[in-house]
Every structure is written in structure tokens, then in C-alpha cells.
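Can you make the complete structure from the sequences, with help from the hints?
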Amino acid sequence: MKRKTYLFSCSLILLVLIAKPAFAGERTIYVSPNGDNQNAGTSIEKPVKDIQFALDKIPDLKKAGKGSIHVRLLEGIYYLTNPLELRPEHSGTKTSPIIISSQPGSKVAINGGKKLEGWKKQKNGLWAVDIPEVAKGEWKFRQLYVNDELRTRARKPNNGFLIVKGMPEGTPKTVGYHTDCQSFEFAKGDIDPKWKNMGDVEVVVYHFWTDSHLPIQSIDEKTNIVTFKHKAGKVFTDDFSEDGARYIVENVFEELDAPGEWYLDRKTGKCYYFPFPEEKIETTSFYAPVAPQLVNMAGKPEDAQWVSDIRFENLEFSYTNWELPEGNSNDRQGSASVPAAVSLTGVQACAFSQCTFTKLGTWAFELNEGCSNNTFSYNEIGHVAAGGFRVNGGTYTDHPFLRAEKNKVIDNHIHHFGEVYPSAVGILLQHTEGNQVAHNLIHDGYYTGISIGWHWGYQRSISRDNLIEFNHIYNIGQGLLSDMGAIYTLGLSPGTVIRNNLIHDVDANHYGGWGIYHDEGSSHILVENNIVYNTKFAAFNIHFCKEVTVRNNIFALGKLQQMNRTRSEPHKSLFFERNIIYWKEGKLFDGKWEDYPHPFYFHPKTDGGTKEVVETFDADYNLYFNPEKKLDEISFNGKTWDEWNKMGKDVHSVFADPKFTGAENFDFRLQQGSPAFNLGFKAIDLSEVGPRKKTGAYSL
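When we follow numbering that gives the first Met the number 0, the leftmost residue of the sequence shown carries the number 0, and every step to the right adds one.
Hints listed in this document are in silico derivations from the structure and should not be mistaken for laboratory results.
This one's a predicted model, so the numbers in the text were calculated from it and none came from an experiment.
In this text, a Cβ means the ideal position worked out from N, Cα and C, and glycines have one as well.
A few of these clues could be false.
To be verified - FRET-style restraints, in silico, Cβ to Cβ: (1) Gly-169 to Gln-121: 42 to 48 Å; (2) Leu-60 to Pro-103: 17 to 23 Å; (3) Thr-374 to Gln-458: 30 to 36 Å; (4) Glu-277 to Gln-458: 28 to 34 Å; (5) Leu-685 to Leu-559: 21 to 27 Å; (6) Asp-464 to Ala-186: 50 to 56 Å.
Below, the structure written as C-alpha cells:
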């Protein structure tokens, strides 16, 4: 009897907890695509129609009483042509937040696109539709989604690339790689001056670590020189070689010759599509983006006026429309000049959770000046033109209110990014500090997975204390661009920690498919407990850095190299200890690993002043193993093992089988008795790598 009473009491308590609202005094505004803005919106039976109309009720509701305010969106598609606007007057408080979410059990899509209807079959087998807004010059778009999939603008070639034949404005040898160039020579027939609507044609050049998007200004038929309306930020070579860059030509009507391609004639307003054989005109859906953004949260951080304590939950956001402005060829590293679907400025303690972002012509999120203590969790970002998150606040020269700091990007799934601007990054931390980037799954991008820092060299930087942990990053680069890493750092970054990340399958074009990459001036960073394998180039790479500690990592199976350093400088760049390097091919230590003759100090006991040698890195208690070679067959930066030890390198390190559980299956757990344990190596637990529960809307 007592047991039944106890169970009844527990059940009653559970029911009370479920029935109790999340915040006392909660007030609700209901919204439906079928609602009416004449309604009060206080009941599910009489919702308002527009989300912005509901949001603008918040200031008056706050004045009328205390408690949280919940904007509940009933099932359906909410079409936007302009972003939802949230200002300081829309803010909640820590105990009374503003919550914007779907009604439980409802699927809600906030849609910035427009359905294109009225397609007709043409005699040539194409489908076409007239779009009056395009003909009037009121609308243009560069993405078309057919049955929810991004289709290809009519391009040449259909597969692979064209190659720049000549560089009349110079090459890396003659003018330096970072010279702005506006023209190149093409092979005869690759570009046709007789193409219709030449003003709509765009050349996309893939060179170095950028993708340059260049509208054509003129073509010289005698010299086969094409000149563009504005300049690209680099010479037209593939990279630092003298080889011509790869490029494609897009939005060419005459090249509309393969299933899945489309062309927009901006003069006539007619859109053409080449259907797949299985597609039926009666059942195929077409969407094109309209809205430039979907959400704009804007405070005034310079005046300490914040947007705060607003939460978005369980919503789908799709379709944004953006074109590079005149003069912008997208040459900023990481496609950093491309805006985002959700823009935040002066935003504090806000959150996006369990939302989906897809089919975007931009980034998903940008956190600008004055954004701090915001949380982004369990979201899915997939099939976007640029990247996932870009965080960029004020620098040390700006007012402290403009700093971007202490934001959390955790448990998100970011995939198939950079579909239009392939140099975009999964998560880009520019001028920002104290952020946590953890438990994210990032894959299928064409450039870097996570990038930290935005100052080149050893100058002062605002970037510091960023924590990058338990992320799973793979299939990065995909052979398109050069000079990238799964995790990339730049400049001074004291207190930044990169730990417990799983990285694999990183591939570059010519150079730079690295796992963890410390670029210019990366300093005072801790790298530990990471597993990196299957990289085209080194699992661990340094351009030049200072006092980076790298310990207790597993770097395995680099194809061309395992460790690489581009520059040796007269200071300690690296403390390398208790790591395992396992490889079968490529160089072990590639690049420059020599110690440095000090330019100022001289040995006091040597007649004539012999220069003192500065040790540029420490290495010890590491385990090296190549199962296909003996120790005396291995080069340690051009030296034998004994010579390497005499330099003071790896004196206590060993060459021995680490006894992985199954390296052939990329299982790098260590078996009992592994010699790595005798060196102080500690087992790496990656059981919590990646999101800790399902991501995206409708997965609750």
C-alpha cells in the first residue's frame, strides 16, 4: 500500500512539473500563416498572421505586466521578403525571456524564398518561366532550388575546369602573388565573345585559398584577353607556381546543355531549366531566394543598449538572396565579406537552439560588435552558400563595449558549406575572445573547418582564451583550394586551447591540406589530446609561430608529410612532447626544422665570436612508428636518429609500435602494454566528440 501511494505521489509530481510553464507568468502570442492581424493572438484559435506583427506586440506586453513572453508559431510556411527585426525594446530578462518557437508538434519553416510557378516546355526540350520582377530589374538571384536541391547555373565546362593560359599582369615571380589583377589570356574557344547577355556571365577563378567571382567587362578577340569589371586580389596562377589558375564560366545561355542546369536572362526576365529525364513539369517544385536576411537583431553597443534574453527554438530557416556588390570579387580570406541569414549586433544572452538553417545564399550566422554570452546549440546548418558561424567584434583599439566575447557554439551540425563561396569556413572566429566551440560536427566543406584569429604576424591581437574541443571535423578541402586546415589559427592567441578533437580526411589542391595549421604568428596556444589522420599534407603544420605547446596527440597517416614547419625563427616556436606519430608514406619532418644561429649573441668563450645557436623547438617523450621501415631508414630532418638525439631532440623518445587497436580501420585506441604509456602518454577519450544529441528542428 505504501508503495502504491509513493508511485501515485511521484506521478502527480511529474504531471505538475510537465504542466507547469517554464517561467511563471508566461504570456503567449500565437501566430499562423492562416491567422489575421486583427486578432489579439492570445488564443490558439485566433492567431495573428505575421511574425513581425507578433514581435512588435512585445514592448506593450512588457509594460502591461511581468513574466516571460512566448511567441508560438503554428504549423506552416512563413514567407519573408525582409528580415525579422528585433531591437532593445524587444528584449527579455534572465528570469523572463522572450521565446520564439514552434508550437509543440508543429513543423514551422521561415522561408525567404519564392516559389516559381507557370513553367512551360520549350521546343528545344528546356522548361521556361517568365518572372516579371526580374524583367523590371526588381529581382535577381544566383541560386535555384529544384525539388529542394541546389541546381547548377549553366556553366563551362560541365565538369572540371578551364585553365588560364597567360597572365599579362604578372605572376608570383614577376609581381608577387598578392597583386590585384583584372585580366588574363584564355585558350581559344574557352570564352566566346558572341555569347548573349555577356553582362550576365561570371568567371569564377579558384586560386590560392580564394574563389574570385568576376563579371566580364570586355574581350579582345585578337589576343584572347578577357578583362573584368573589377580586380581579383591575387594573380591568376593556381598558387605560388607559374601555372595558370583553374576557372569556370557561369550563367551562359549557350552552355545550358546538361540536365540540372539553369539560366536566368535578366533582360527578358525568363528563367530556363534543363530537366532530368525523370522530372515531370507538373510535379517539380522550383524555389528562388528573395530575402537578403531572415533575422536581424540589432542593439547599439556603443551606447550600451543591448538586445538580450531572446530565444529561438525548433524552427527551420531557409532561403536568403545575396549578390557580391560591385568591386567585391570575394577575395577576403574565408569569404569573410559575405553576410549572414541571421545577423547579430549588440546582442547578449540570446540563444538559437534546435533550429535548422538550409538553402541559404549567405552564411548562417554573423555575430558582430558587442555580441557576448550568446549560445547556439543543437542547430543543423547544411547546404549553404558560405559558412556556418562568423564572429567578429571590435579590436583592442575599439571601445570595450564593441568586443565580441564568451559566446558558445556547441553541439551543432555544419555540413555541405561553401556551395557558392567555397573559401568560406565552418566556424570563423575573427576578432573575438573567450568563446567555446565544442561538440560540433563539421564536414563537407571546401576550406577550413574552424578558424581562430584575424591578425597576421606577432602584432597585438584581441583573439585569446578560445576553447576548441570535442569537435569532429572531416572531408574538408576536397581538393579544390590550397592552404587550409581542419583547424586553423592566426596571430597571437594566449590562452587558446585546442583539445580532444577528431580530424580526418583533409585534402587540398596543390598544397596545404593540413590537420591542425598554425599560420602567421600563432602564439601561446595549447594543442592536446587530438587525433588527426588521413591528411594530404601534414597532420600538424606550422608556418611560423611562437611558444605553442603540442602534447598527447596522435598524428597519423599523412600522405606527403607528417610534421611541417615553413620558417625557423630565433625563438622557441614549439614544445612537442608525449605525442604519437604513425605513418607509412611521406616525410616525417618536412620543411625547416633546423635550430637558428642567433644574430645578436655570441659565445663568450670562443675566439672570434662564434654565433650562439638558439634552439627553435623542443621535442621529447614522443613515440614514432612506421611499420614499413626500420629506424635506420628514417630521416629526422635529414639526420639519423643518433644525430637528432645529439641535437637535444627526442632524447627520451622511442621508435616502437604503439599497439593501436586497429590502425587499418582508423581505430587509434591503445591496447594494454603500449610503449606510449611508458612515455607518459594518456589515453584519449573521444566518446563525446560531436553533438551530444540530435540536431536541427523537429528532432526534439
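Consistency of the hints with the structure:
1. Gly-169 to Gln-121: 42 to 48 Å: The hint (42 to 48 Å, Cβ to Cβ) holds, given that Gly-169 and Gln-121 are roughly 45 Å apart.
2. Leu-60 to Pro-103: 17 to 23 Å: About 21 Å separates the Cβ atoms of Leu-60 and Pro-103, which means 17 to 23 Å holds.
3. Thr-374 to Gln-458: 30 to 36 Å: Holds, since Thr-374 and Gln-458 (Cβ atoms, about 31 Å apart) stay within the stated range.
4. Glu-277 to Gln-458: 28 to 34 Å: violated (57 Å)
5. Leu-685 to Leu-559: 21 to 27 Å: holds (25 Å)
6. Asp-464 to Ala-186: 50 to 56 Å: Distance hint for Asp-464, Ala-186 holds at roughly 51 Å.
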